[in-house]
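Participant: Listed in order, the protein sequences are those of chains H and S.
Using our numbering, you'd call the opening residue of the first sequence number 1136 and step up by one each time.
Using our numbering, you'd call the opening residue of the second sequence number 3 and step up by one each time.
Think of the hints as simulated: they come from the structure by calculation, not from any bench.
Note that beta-carbon positions come from the ideal geometry of N, C-alpha and C, so glycine has one too.
Careful, some of the hints might be misleading.
Stated by the list, open to error - Just a few of them, taken from the derived set where beta-carbon distance is under 10 Å, the chain H residues facing chain S:
1) R1192
2) A1195
3) M1224
4) A1230
5) L1231
6) F1232
7) P1233
8) H1234
9) L1235
10) Y1243
11) R1246
12) R1248
13) A1292
14) D1303
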Amino acid sequence: MQTLPAKALDIRGLTKAFALPGGRSVVAVRDFSLRIEPGEFVTFLGPSGCGKTTLLRMLAGLERADAGDILVDGRSIRSLPPHRRNIGMVFQNYALFPHLSVFENVAYSLRVRKFEDARVRSEVPAALTAVGLEPLAARLPGQLSGGQQQRVALARAMVMQPDLLLFDEPLSNLDARLRVQVRGELRRLQKSLGTTAIYVTHDQDEAMSLSDRIVVMNGGCVEQVGTPEEIYARPASLFVAEFVGQVNALPGRVVARTERQVTIETLDHRIALESKRCPADDLLVLVRPEAIRVSAPAEGGSLQGVVEDVEYRGDRVEYRIRVGRTLVTAIEASLQRRMRIAAGDRVGLVFVEQAVHLLPVT
Amino acid sequence: MRSGRAWVLVVLYPVVALLLALFVAYPLLDLLGRSVLVDGGFSTRAIGRLLADAHVRQVVWSTLWLGATVALIGTTLAALYAYAMTRVALPWKRVWHFIALLPTISPPILMALSLILLYGRRGVITHELLGLSTSALYGYRGLIVAQVLSYFPFAYLLLLNLFQGLDASLEEAAGTMGAHAGKVLATVSLPLLIPGLAGAAVLLFGYSLADLGNPLLLGGDFQVLSSEIYQTIIGMYDVPKGAALAVILLVPALLLFFAQKQLSRRTAFASVGGRGTLRHPQVNHPAVKAGALLLLGGVSLVIVLQYATVLGGATTKLFGIDNAFTLRYLLAAVVDSRDALVDTLLLAIAASAVTAAVGLLAAFYIARTTLAGRGAVDFVASLPLAIPGTVIGLAFALAFNHRPLLLTGTALIIVVAFAVRALPYSIRSGVVAMHQLHRSMDEASVTMGATSGQTLMRILLPLLRPAMVAGMIFTFTRSVTTLSAVIFVVSPHWSLVTPTILSQMDRGDVGEAAALSTILVLLVLAVIHGVPRLLGRDWRTKD
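This is chain H alone, in the form it adopts within the complex (with noise of 0.2 Å):
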């Protein structure tokens, strides 16, 4: 088990519409394309009903695409019905056979395919070794831990040299410390075996750490496509920035514009910026909770505020501060805090610049 194949995935026009019961429908994935580079690890991102589990079965041909077209390294792959599509899955409760051992599951892929009894005895114990699973490999499916199914799950499709590798929520049944411990495994070994992977999930935090690029998807439909910075730093939408963390969304408007630079009023407070960041007149000005300082009130500058509420968090502090009439949320590293702040305390706030994003107001 040293490298996989690592394919290029283009997916054109994907649409897919379930009937209801009474004669209607509800459309799941609304023409999806995307490109995925050979090697890529791509993460579909969005709250449960937004159609990503829905577009992975279309890939993995368990759901039967309404229009639209998949080629794996320009091969169409659309009417090949899924046991021909050689492509690897861990679902979210990993389907381990329970009849079959540890082993047996593993070499589930290659004894259907009826490869030769040497074949599968070399192949299986790599795949299992890899994983960390060789000694377990007499077991039941259940006789073993969760995270210990969940590695079993990814041998048994990693066995099979699958052109793409689908991950559906296959995380989401461990307990938060092994699934931030599982995480960082699966991406060494994705990035170690070269392979090209799509993984569906709700959890931002998975989705940021393990990804290249993130798909966040809503109702069916693509909200933005990029890396987990462009998508933290720079949300395309409302919805993406909300999804994928907190934000402060405040209603602003340019009051003064030049060649290089643009004067936004936001909270009765001006703040200058480059002029290409800034898309319209009315804007929404989204800063996020970690890109306010929050200071005594003469260091604040203009702006200042009343400190409502403090959420001691462990790693961090969070404040409501009441501004005017808009509440503000502002978030410390709580070993690095300058000073002590209470609720009632007059605070002043300075936002980080360059993590102001500017959107158009829809």
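Once you have looked at the hints, place chain S on chain H.
Facilitator: Frame of chain H, contents of chain S only:
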């Protein structure tokens, strides 16, 4: 599984639907037609005339009265037994459980047989021990004892599951809110259990209605509908009247069936949800323990005495009077009733195979497809749950007694009668097994390159095997022990054990009847315990 990938199974759908229409719906409609169709028109005159008859009215009342009494006493007994088993700290629970379940795997006429041997006019206890010469056993009271002993274990099983499944955290929650143990029982546990208790009562009522063996042997002058139907057909050859009586019996049976469906829906919310707990505290109070032990021990003693008596009757010259050991009856049973034994075995095995196959297919259509009409398939296939064996047997005998469906006297009609009666259980357990089998099992298989055929053979069938084996054993047990369903369809070519026992008792050959009953019970025990062992471990076994 999408229908597109399992086309082989879908092709068989019309075949299964046709079989159900032919062997379940048609005989019942035919029977109904015989009593309400006069010269091609609908008429309730025949039934009306029957109900105007004072004797028939008396029989109907007796049937309902007996059913209600058995339901009440049986449910009480079953509830106490289940409570003692689940909530009281007692020794030897496996023994009490095993003994309580014995009646569920033996023919109900065995109860009548041993009751007669023990408490009849010449009974070992009544006559030999107490010096009485009484026929108090025959009639209403004897039937209550026989039916309660025969059927309370079914209610016990139902309530045992319910008691075990009741979410203990509900009771704990009531306790934390300040309710003492008695208050918890009255305000939380009992209200949750009431639908289940009512369900058990309805179940017992249904079993009492359907029982034929005990009323025939113990009824005396106390006639109920099932024995009245038998005597009308076999004794008086009055087929139209027998059919009309069967239709009358169907009315309470169907009402009970729908009541039970409603009740079982309402018991569902009482069981443990996602995060409940099953760890019920065990009562350790000495008085409660003593009382519970007395109950379990007493009931078990009565049951064991029944079986010991049958064994005694089979192995002594004249049980209670001349207790010299003899193998004569057992040998005679094996030699003289060899045909009945072999036929019963063969036909019950055939029925088990048929039921497993048809049941699995029907379960597949119901649980895993969106095929049109599968609701109707489910309904028709579960009808036999509602219908007393006597009525099914009679409907079969009448519907398949003429061309082109002349099945009277064949083995097929017996196999089908067995299969039809076990099918609802087989489908139910198949549906449950398939619901437990997550769709991602077959999806995982196909993404790894397996065809739908390979998925079926390598994944689905092995995973369904335990449910199938259990279903086949159930069909076998039910088939070899039933009397009511087969009494009208046996023939000189194909004889069966339970009707043979009945005629031996009619002739007074008590020793041979006891010997044959013993062999039957041993056979069933051997199958229940032997077959799973022979098949070896399945995937649920953990080492």
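Participant: For each hint, tell me whether it holds in the structure or not.
Facilitator: Quick rundown of the hints versus the structure:
no.	hint	verdict
1	R1192	holds (8 Å)
2	A1195	holds (5 Å)
3	M1224	holds (5 Å)
4	A1230	holds (4 Å)
5	L1231	holds (8 Å)
6	F1232	holds (6 Å)
7	P1233	holds (5 Å)
8	H1234	holds (3 Å)
9	L1235	holds (8 Å)
10	Y1243	holds (5 Å)
11	R1246	holds (8 Å)
12	R1248	holds (5 Å)
13	A1292	holds (8 Å)
14	D1303	holds (9 Å)
Going down the numbered hints, you'll see the structure goes against none, and every one checks out.
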